[in-house]
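Taking the hints into account, I'd like the entire structure generated from these sequences.
Residue numbers (the working numbering), protein chains in the order written: chain A, 305 to 518; chain B, 305 to 518; chain C, 305 to 518; chain D, 305 to 518.
Mixed in with the good hints there might be a few duds.
One copy or any two copies: either way a pair holds, since identical chains are not told apart in the list.
Stated by the list, open to error - 27 Å max Cα-Cα, derived BS3-like pairs, lysine-lysine: (1) Lys425 with Lys405; (2) Lys360 with Lys425; (3) Lys405 with Lys328; (4) Lys425 with Lys353; (5) Lys405 with Lys458; (6) Lys464 with Lys405; (7) Lys397 with Lys464; (8) Lys397 with Lys306; (9) Lys328 with Lys458; (10) Lys360 with Lys306; (11) Lys328 with Lys341; (12) Lys425 with Lys458; (13) Lys397 with Lys328.
Derived by calculation from the structure, the hints in this document are not laboratory data.
Here is how the chains run, residue by residue.
4 protein chains.
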Amino acid sequence: MKVLITGFDPFGGDTVNPAYEAVKLIPNEVAGAQIIKIEIPTVFEESAKVLEASMKEHQPDIVICVGQAGGRSAVSFERVAINLAEARIPDNKGNQPIGVKLEEDGETAYFTSLPIKAMMKNVQDHGLPAYISYTAGTFVCNDIMYRLLYMIDKEFSGVKGGFIHVPFEPTQVIDRPVGTPSMPIQTIADSLIYAVEAAVTTEVDIEENTGTTH
Amino acid sequence: MKVLITGFDPFGGDTVNPAYEAVKLIPNEVAGAQIIKIEIPTVFEESAKVLEASMKEHQPDIVICVGQAGGRSAVSFERVAINLAEARIPDNKGNQPIGVKLEEDGETAYFTSLPIKAMMKNVQDHGLPAYISYTAGTFVCNDIMYRLLYMIDKEFSGVKGGFIHVPFEPTQVIDRPVGTPSMPIQTIADSLIYAVEAAVTTEVDIEENTGTTH
Amino acid sequence: MKVLITGFDPFGGDTVNPAYEAVKLIPNEVAGAQIIKIEIPTVFEESAKVLEASMKEHQPDIVICVGQAGGRSAVSFERVAINLAEARIPDNKGNQPIGVKLEEDGETAYFTSLPIKAMMKNVQDHGLPAYISYTAGTFVCNDIMYRLLYMIDKEFSGVKGGFIHVPFEPTQVIDRPVGTPSMPIQTIADSLIYAVEAAVTTEVDIEENTGTTH
Amino acid sequence: MKVLITGFDPFGGDTVNPAYEAVKLIPNEVAGAQIIKIEIPTVFEESAKVLEASMKEHQPDIVICVGQAGGRSAVSFERVAINLAEARIPDNKGNQPIGVKLEEDGETAYFTSLPIKAMMKNVQDHGLPAYISYTAGTFVCNDIMYRLLYMIDKEFSGVKGGFIHVPFEPTQVIDRPVGTPSMPIQTIADSLIYAVEAAVTTEVDIEENTGTTH
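Encoded structure:
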């Protein structure tokens, strides 16, 4: 089994992006699966082109994109990506789309196909916090997650894909407002490793399709 | 023009729901439009049945559902509703769905058709905070927003619909953790009135379709 | 009985200070006591000179200073002021003391002599949030509270004095980070009125001197 | 040179206290100084008796007490301790004092005698967040800091003393509200080591006695 993991380069004035720094620390093999790690640019659409080329080259079974969510306190697993770009700040090529669809012929949203509850549980079972998030925002993190799931829908049938947000790492918060959470890069990497482990070994996600709304 | 506005009844141990308390304070006419106000139950699916009956009776041009988002500090306009129910607590009839689709034949998500940026701007122009939110959660607030937009898609073509989240009102936070924000019911009502005013008078929302992602 | 209440003028880039705006809305008589309201400058030490002159002129029984604590969500009653100035930003005359004692011959700290638990309870009993704070910071709010209690100790024996922090008012948070709490000026004023009412009518504060540390 | 460092035992329902867990990881020698580490009970006054016995036995030059401040995101250095106990929850022997003085003949407050700005700077210079706090609360953390400085004032002249608050460690926040910050115990320990290093090597603290209030 092959797992492709991406991390963004630094953006928005920071000189480091904990996403790729942590991705780099993941071993080349996790739970018997081969791990391929690539850095992608914090640029709308362009990051998806880099990802697409890598998916064509490596033919992964699982694709996990990782990005920074400054202000969050733990690794969080995104449930859904939406067909919308709204950028408060420019990306690394100066694009700042407002109210723009990502793909004209795409669904309004795509749910992740990763077993995110099993992944969250495996992180927690190893003593680290983790949670499910229901918004990946409207910047390049949502963009790459949306386009990944769009590409899976259109041309990479059967691939499981999704997105993980990670906190600031400690040096980033020294000069930020008191109270801004951070997580050491090794702790982020450990969280990602436990997440990958569950992604590789889980056939059917936990807790789904229980209860009813009526 | 007719505007139908709904507010939920109290839930989760609270004896008041600022949503309907504020809705009640909206005048029967705003910007020349007739305002119809109804309370709906904090119950998955059932609230949508009450809403559907009211939409059939009144044939509104605009439908705005209002709910409480405890912990938020200002009125927030939801951009998107997703086809998913995940309840941390039971609703008012004991339903607690986990990982359940709301409508089998519905889209993964629907975007609001309300001019929410114009609505937000009109609230701010009157000196009150407001913002756009990209997650309505996965409880009954998302449920009613999703089903409203689903019903508009299937049987009420042309109706504009969406959802507004409001903060706790002051009595609710006296015994909650220090730092939990609140907003007086009259201030929430004022925010809603400015929002309705913009919804009624705005043909095309502001700031959309500008920029590009590539 | 006479109550002297002060509020600071705007500082730090804001064009309004909710402290004095709310103080102005307090009636000239509360619970039978005469209320004297003055605005004081957001300047280290100078504000205390203005206060001292007013105390000499009016001979109040109670002095309550009010200031803004941006980011707090409710009216908070300060328990203690410390003999220290540390300014992250300059005051309105450009002073920015770091690690400076306020009064060479003053105590390390003074506790408020106001019945703050009764004051807090009266605000809460009227449906508004309120809490006790154990730090007034190290800027001009702590400065005026410290110097007030120092002056009471040295030359205004028997006067009761203390400090109340109030949240931002709504216009101040429109362009601040999402989630920053605010409170309408009238709601702040109502909180202050209930606080003054309890200050005037309470002989002995509640809940004190109970329990033991051993 | 001898440095005595204390950490509290678990309290309030938690099975671990990151304070002593981190203290245990500090080496027995830092910057040439001998480090003595003891666990003290989370009990008002009693913890000070344990500390006093240890101070008599070891005759340290520096005493640093360490405690947990759940919800804080970084190691924080306390500037001041106040002569007041107010316990929201019982300590580990069931004491829950409200409005009680810690020492009848003590000052209203004591400032730390540690070079906390140099200590904070050394932590930050090693890439970890840290800040100065102006309230140690009113529970056992403030109690031990106050009594330490009281004992230094009365019987251990010349000893430098103070208090450091540390965040939750990761397992403690798994079931706490999303957003609650944590820090791995090794990262907390690293922060403490850098702090101790600066405490041992700093003659005069930085940035003090600059500026003026008038």
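query = Of the numbered hints stated previously, which ones are contradicted by the structure, given in increasing order?
reply = Structure breaks hints 2, 3, 4, 7, 8, 9, 12.
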